[in-house]
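**Q** Order-wise, the sequence lines are chains B, F, V and C. Following this note's numbering, the numbering of the first sequence begins with 1 at its first residue and continues without gaps. Following this note's numbering, the numbering of the second sequence begins with 83 at its first residue and continues without gaps. Following this note's numbering, the numbering of the third sequence begins with 165 at its first residue and continues without gaps. Following this note's numbering, the numbering of the fourth sequence begins with 310 at its first residue and continues without gaps.
Everything labelled a hint here was simulated from the structure, so no lab data went into it. Among the hints, erroneous ones may be present.
Claimed, not checked - Lysine to aspartate or glutamate pairs mimicking EDC-like chemistry, simulated, CA-CA at most 16 angstroms apart: (1) LYS286(V) x GLU251(V); (2) LYS286(V) x GLU12(B); (3) LYS286(V) x GLU210(V); (4) LYS431(C) x ASP320(C); (5) LYS286(V) x ASP203(V); (6) LYS431(C) x GLU94(F).
Claimed, not checked - Selected chain V positions facing chain B (Cβ under 8 angstroms, derived; list incomplete): (7) GLU212; (8) GLY250; (9) MET254; (10) MET274.
These numbers were taken from a predicted model, which means no experiment stands behind them. Glycine is no exception: its CB is placed at the ideal position from the N, C-alpha and C atoms.
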Amino acid sequence: MITVLYFAWLRERIGLGREQVETRATTVTELVDQLRKIDDYHAAAFSDLRAVRVAVDQNLVDFDATLVGAREVAFFPPMTGG
Amino acid sequence: MITVLYFAWLRERIGLGREQVETRATTVTELVDQLRKIDDYHAAAFSDLRAVRVAVDQNLVDFDATLVGAREVAFFPPMTGG
Amino acid sequence: MQLFLQEQAFDPWALAGQFSSALNGAGAMVTFSGIVRDDGGLTQLEIEHYPNMSRPAIMAIMQEAQARFHLLDAMVIHRYGILAAGEVIMMVATAALHRREAFEAAEYLMDYLKSRAPFWKKEYRAEGTFWVDAKDSDEAALKRW
Amino acid sequence: MQLFLQEQAFDPWALAGQFSSALNGAGAMVTFSGIVRDDGGLTQLEIEHYPNMSRPAIMAIMQEAQARFHLLDAMVIHRYGILAAGEVIMMVATAALHRREAFEAAEYLMDYLKSRAPFWKKEYRAEGTFWVDAKDSDEAALKRW
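Here chain B stands alone, though its shape is the one from the complex:
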């Protein structure tokens, strides 16, 4: 069971900020493939991964990063802090 978080326009497009996901995905990419199948909103949010960043357990990672031992995965657009 992994907690999946969405921020900014990903949160708005998917319609929720957090969901619990039962998964056997071992990488972020595998998790994204699973999330895309939930509904059209998820599919739309993940239609262009160049516009999406991901953090596993609060650390920025690439999409090929492992999910072994991961508890929280967050998806969001490129950051605009400062």
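Given chain B, work out where chains F, V and C should sit, using these hints.
**A** Frame of chain B, contents of chains F, V and C only:
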């Protein structure tokens, strides 16, 4: 008649901060040659011109700058503001 | 080092004064404040953040800056929630022996906060709401470091 | 643009706050403060200046910075006379639409104030008094611009 000003260690070495000088010098270099002859203190202060900066009428200039029309010439070490 | 993440407005100059007063042996202090730019059409700015991540991410950036630029101290304040035009979004303060380190550390912190701290800005305008796009120039700025 | 040259101490953060409050449309503000560095042996610092020249020289530097970095506003405060360790010698504040211009303008102002504004520093120590030598690195810093 030109007002000559000295700042920082030039002022201390020469022993005064300001003097009126009657001069026919047409460049800063000629004025320096005249000032050197005033006494040993002036001569010592101007012994190494690489350590001296000059402003004519409040503008930084080179030693070959003209003195035509000049009213105030200031000599000082490299600046240490900020 | 101090980090404040908060929804409520703050007085940047009172905090800068406190930071300054606590310095010991510094020769140079730099502050940067980011302000909600009033371009005529903006009614408010919303800042969303990722609470579990924003604090550790910024602390890591601050520790990196402190080591790299030999900072004597550093402070970051960053707001989230709804802000009006003219309000201060965030402030960075750095202190070092010499000016070059204080300036570079502040720029480094800003470049990383812009593109690596989990904050997102949404503009409210008469025409609608718009998520602010990350700028290529902000991503490019990181290459300097 | 404002320039204050004065012997008496000033509250840099009160002035920064006033500067900030008067801004209109700025997105970024940078301050730099130079502090008399307490290195253990310094008892006081004396700053001599060339009164007829310091004001026009700094105003010229500020106008150059405003044009070059599209500043919305700039402020410089510089003290002269006797200062104690820990006191603020001078402050520069810059405001612009974006952070890069505000940072670069503040660094430009500092680089020029260091080497082109007619101020000279004298350190008072137990061993005697010493005129501070200009640093080659400060002269070299001007090459950046």
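**Q** The structure should be examined with respect to each hint, and the outcome stated for every one.
**A** Each hint tested on the structure:
1. LYS286(V) x GLU251(V): holds, 15 angstroms
2. LYS286(V) x GLU12(B): Holds - the C-alpha atoms of GLU12(B) and LYS286(V) are around 12 angstroms apart, at most 16 angstroms.
3. LYS286(V) x GLU210(V): OK: LYS286(V) and GLU210(V) at ~5 angstroms, within 16 angstroms.
4. LYS431(C) x ASP320(C): violated, 23 angstroms
5. LYS286(V) x ASP203(V): holds, 15 angstroms
6. LYS431(C) x GLU94(F): holds, 12 angstroms
7. GLU212: holds, 6 angstroms
8. GLY250: violated, 17 angstroms
9. MET254: holds, 6 angstroms
10. MET274: holds, 6 angstroms
In the structure shown, a violation is registered for the earlier hints numbered 4, 8, in ascending order.
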